[in-house]
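> Model the full structure from these sequences, guided by the hints.
Here is how the chains run, residue by residue.
Protein chains: 2
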Amino acid sequence: MTQGAFLAIDWGTTNRRVYRIDATDEVVATERDDRGMLAMEGGDYADEIARIRERHGDLSVLIAGMAGSNRGWRDAGYCPCPAGLADLAAAIAWIEPGRTGIVPGVSLATDTRADVMRGEEVQLLGAVASGMAGPDALFCQPGTHCKWADLTGGRITGFTTAMTGEVFALLRRHSILAPQLGGAIADGPVFRAGVERARDGDLLANLFDVRASAVLGRRADSDAAAYASGLVIGADVAARPLDRKIAILADPELGDLYRAAVETLGGEATILDSHGAFVAGITAIWRQL
Amino acid sequence: MTQGAFLAIDWGTTNRRVYRIDATDEVVATERDDRGMLAMEGGDYADEIARIRERHGDLSVLIAGMAGSNRGWRDAGYCPCPAGLADLAAAIAWIEPGRTGIVPGVSLATDTRADVMRGEEVQLLGAVASGMAGPDALFCQPGTHCKWADLTGGRITGFTTAMTGEVFALLRRHSILAPQLGGAIADGPVFRAGVERARDGDLLANLFDVRASAVLGRRADSDAAAYASGLVIGADVAARPLDRKIAILADPELGDLYRAAVETLGGEATILDSHGAFVAGITAIWRQL
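Residue numbers (my numbering), protein chains in the order written: chain F, 1 to 289; chain A, 1 to 289.
Since the hints were made in silico from the structure, they are not lab data.
Hints may be right or wrong, so weigh each one.
As the list makes no split between identical chains, a pair holds if one copy fits it or if it spans any two.
[Unchecked claim] Once the Cα atoms are required to be at most 25 Å apart in a straight line, the calculated SDA-like pairs of lysine to any residue come out as:
(1) Lys245 / Met132
(2) Lys245 / Asp111
(3) Lys245 / Arg219
(4) Lys245 / Arg192
(5) Lys245 / Gly201
(6) Lys245 / Asp200
(7) Lys245 / Val215
(8) Lys245 / Thr2
(9) Lys245 / Gln288
(10) Lys245 / Glu26
(11) Lys245 / His275
(12) Lys245 / Gly36
Since the structure is predicted, the reported quantities are computational estimates derived from the model, not experimental observations.
Pasting the structure below:
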């Protein structure tokens, strides 16, 4: 078991969070900025790490997230499912052994499906390690690419990624619906009506109804964004098994929408602190080394 | 019944087709250009019509399509379902009575759904009027916004619009999948595997599989476009009733993909000439005046 303080970095596509974690597993300093993978293109990761050590102390660094992708610092590869803390710890890609390492992602490859995650695995295993969720939980991690993960005995045994957030963003920015979708999105009757409608599995047609209802004066454009968000999130949730309680790892705003969608479709969900889960997960991996 | 020759214009969003139709209902001249509604923004429709008359003769003009929308020349409104040839003929928006008119679109408004079409109605009714299809046919009109229309007794009694083509175009141009989707798309085992996969109703997750399969080296990028097209068209087709033979009004290339998708999912389809159907429809409307 690795004693002592270390630095954990959640290095995503857009954002980066640095945590200084002391010998008692407490977070004693945090910073968040937009120096994610995309901002690092052509940049010097080693130099960034040196500057982070200047700010937080000359400690070992363990990184998770897109910095470990083939577009990041170094491709840390993927652990195949089932994957637990020990599997990830054993597969760390070391930039400098014991001092600077990157946690691999997790992959799934069945006869019919392929899937990958990178960064989410630390949250998932951390939520279990910290007792936020039991060892056999069903998780949802909403976002640009929403992950739905099955854990069994504390290991990731299967998962599904849905392009929910990205498809909604495409509709909002580039589609014929874009002029209607600038409004606020929050849980409420309009959002839930979209979710309810999504039960029919006909996302492509339900989306056009957003336009037709405006043309025929049947729905105010101020409601269109919440309704369309309900359609897209509802399409995602309606495709999942809802017979088990779902642990949602998300910021509260997006977490609320997913919880509302799960409840509207007859399931049950609870929202867990995704940042706390990350810290618990990366600490548990580090302590295994 | 209106005798004599006239000019019919299929004035769409992007393209425009002009047909000179003689007193025996024969097309004696055709032109196609890209002077669609979008190209006309700020332009003078009356001047365009004058120039078309210079080229084709000083005949009456009957227009259908997006030139009749609120972003076109004049909003020709919508006939509510059920709508037949006589309904459309009675509701023509006349720029100059008997000389220059625009065919209205068709709208649907039930307790739960709203939908609109503009331009497709002429093809649908023309396919029946010309005997290409029977009076109680189920039609599919693939495109940016794919229309599925029920005709009963020769009238449009219901329809559903799916954003199939637009969603695929968004994915191809703007999504994380864009770099993979530049390849050719044609019917074949790869396209049909995508359609087959779409049966599960999980479009948002199936799309991410396109990326994960590439990351894990399980599908060549040269196959990604055909597979993803199969997923999106399959999601559209799988949401429709396939217990009746479907009449597809389309250009052959897109028509082939839809026919392949319908067949893969257990239905039966035939491809009809959409331009011929338009000519038959607009001629039948004109002769009713």
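> Taking the hints in turn, state whether each one holds.
Each hint tested on the structure:
{"no.": "1", "hint": "Lys245 / Met132", "in the structure": "within (13 Å within a copy, 54 Å between copies)"}
{"no.": "2", "hint": "Lys245 / Asp111", "in the structure": "neither (28 Å within a copy, 33 Å between copies)"}
{"no.": "3", "hint": "Lys245 / Arg219", "in the structure": "neither (33 Å within a copy, 34 Å between copies)"}
{"no.": "4", "hint": "Lys245 / Arg192", "in the structure": "within (19 Å within a copy, 36 Å between copies)"}
{"no.": "5", "hint": "Lys245 / Gly201", "in the structure": "both (22 Å within a copy, 22 Å between copies)"}
{"no.": "6", "hint": "Lys245 / Asp200", "in the structure": "both (22 Å within a copy, 22 Å between copies)"}
{"no.": "7", "hint": "Lys245 / Val215", "in the structure": "neither (40 Å within a copy, 31 Å between copies)"}
{"no.": "8", "hint": "Lys245 / Thr2", "in the structure": "neither (34 Å within a copy, 68 Å between copies)"}
{"no.": "9", "hint": "Lys245 / Gln288", "in the structure": "neither (30 Å within a copy, 62 Å between copies)"}
{"no.": "10", "hint": "Lys245 / Glu26", "in the structure": "neither (29 Å within a copy, 66 Å between copies)"}
{"no.": "11", "hint": "Lys245 / His275", "in the structure": "within (21 Å within a copy, 54 Å between copies)"}
{"no.": "12", "hint": "Lys245 / Gly36", "in the structure": "neither (33 Å within a copy, 52 Å between copies)"}
Consistency note: the structure conflicts with the earlier hints numbered 2, 3, 7, 8, 9, 10, 12.
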